[in-house]
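So the sequence lines, in the order shown, correspond to chains X and C. Here the first sequence is numbered in our numbering, starting from 1 and rising by one per residue. Here the second sequence is numbered in our numbering, starting from 113 and rising by one per residue.
Incorrect hints may appear among the rest.
Here are the in silico distance ranges between beta carbons for each label pair [stated by the list, open to error]:
hint, chain 1, residue 1, chain 2, residue 2, range
1, C, Asn173, X, Leu73, 24 to 32 Å
2, C, Ala113, X, Lys18, 33 to 41 Å
3, X, Lys38, C, Ser115, 16 to 24 Å
4, C, Asn173, X, Asn17, 35 to 43 Å
5, X, Glu58, C, Ser124, 32 to 40 Å
6, C, Pro142, X, Val12, 40 to 48 Å
7, C, Thr167, X, Met15, 47 to 55 Å
8, C, Leu158, X, Met15, 31 to 39 Å
9, X, Val112, C, Thr167, 46 to 54 Å
10, X, Met15, C, Leu132, 39 to 47 Å
11, C, Ser140, X, Arg30, 24 to 32 Å
12, C, Asn153, X, Gly14, 16 to 24 Å
No wet-lab data here; the hints were simulated from the structure. Note that CB positions come from ideal geometry on N, CA and C, so glycine has one too.
Below, each chain spelled out in residue letters.
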Amino acid sequence: DTEVTQTPKHLVMGMTNKKSLKCEQHMGHRAMYWYKQKAKKPPELMFVYSYEKLSINESVPSRFSPECPNSSLLNLHLHALQPEDSALYLCASSQDLGYGYTFGSGTRLTVV
Amino acid sequence: AQSVTQLGSHVSVSEGALVLLRCNYSSSVPPYLFWYVQYPNQGLQLLLKYTTGATLVKGINGFEAEFKKSETSFHLTKPSAHMSDAAEYFCAVNTPNSGGSNYKLTFGKGTLLTVNP
Numbered sequence: 001d002t003e004v005t006q007t008p009k010h011l012v013m014g015m016t017n018k019k020s021l022k023c024e025q026h027m028g029h030r031a032m033y034w035y036k037q038k039a040k041k042p043p044e045l046m047f048v049y050s051y052e053k054l055s056i057n058e059s060v061p062s063r064f065s066p067e068c069p070n071s072s073l074l075n076l077h078l079h080a081l082q083p084e085d086s087a088l089y090l091c092a093s094s095q096d097l098g099y100g101y102t103f104g105s106g107t108r109l110t111v112v
Numbered sequence: 113a114q115s116v117t118q119l120g121s122h123v124s125v126s127e128g129a130l131v132l133l134r135c136n137y138s139s140s141v142p143p144y145l146f147w148y149v150q151y152p153n154q155g156l157q158l159l160l161k162y163t164t165g166a167t168l169v170k171g172i173n174g175f176e177a178e179f180k181k182s183e184t185s186f187h188l189t190k191p192s193a194h195m196s197d198a199a200e201y202f203c204a205v206n207t208p209n210s211g212g213s214n215y216k217l218t219f220g221k222g223t224l225l226t227v228n229p
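In isolation and in its complexed conformation, chain C is listed as follows:
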């Protein structure tokens, strides 16, 4: 079975500060990992994804994440926060090649990012 834990339901940073949103996963086989962002009253937008290959993944809006197998982590970072980054962020995992229904996307509980001026 696969699972995702997002540490911190709410993260607050100042504008221009580093953004770090934590995500740890559990999977018995190599996972596919995703970060989605959700702005108020909108759907989910894919920020970035890791499937195979390079472990440092760059996404939209200046975000990046690093897959660390030894730490079972996929933390999301951005060097300098903007006011427009304020949103809910979801980490998700699936294992589409492992059979059964593991292609289903399993979400973490989400982290609300607020950016202070």
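Only chain X is shown next, with the shape it has when bound in the complex:
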């Protein structure tokens, strides 16, 4: 298995909702990442997990809450989002910090 799987592929949520994005990989990678990508822009790093511990939080608002329950799974919990948070959310993993990143196909999030 050489893939990073993200669910759901599309999500529409209201500003008062709570939802979660899920990311899974079975390549034995020990580093996992959340990125946010706005239209016609490169991905922006949000969080880095290394060996299931949060390594980097790129000053992301607290309405985004990451969680790494085990080495294969990464979640992003969403609460009280704003319309400007609408974007493509990408998960990635790598064997260790750095090196080659494998990206998932993303979750297209729309906040209404």
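Based on these hints, arrange chain C on the given structure of chain X.
Just chain C now, with coordinates in the frame of chain X:
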């Protein structure tokens, strides 16, 4: 600190023509370099990467890139463009062995490739 500059936000070629997408990097230590492709409404797919060794790197879909240290460049080429190559292309760099947070992938702003019939 590391950075990437992609020259040309939009490149247009005819089908069958040479594709050349330019990428220059800045790094104080030997970099790892990557090219990713993104099709509309999809994630990023790794085209090719340079870490160490041979400076001419071959990737998927007929693409290749050459690491030129003296020019701090990692340009992406394909001899003959296909309609299916139309997509956004991102060059990226990291330096995982240099300590700190330099393992983070730094992206260029992207180049949109259009292929005309």
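> Which of the listed hints are not met by the structure?
Replying inline: none
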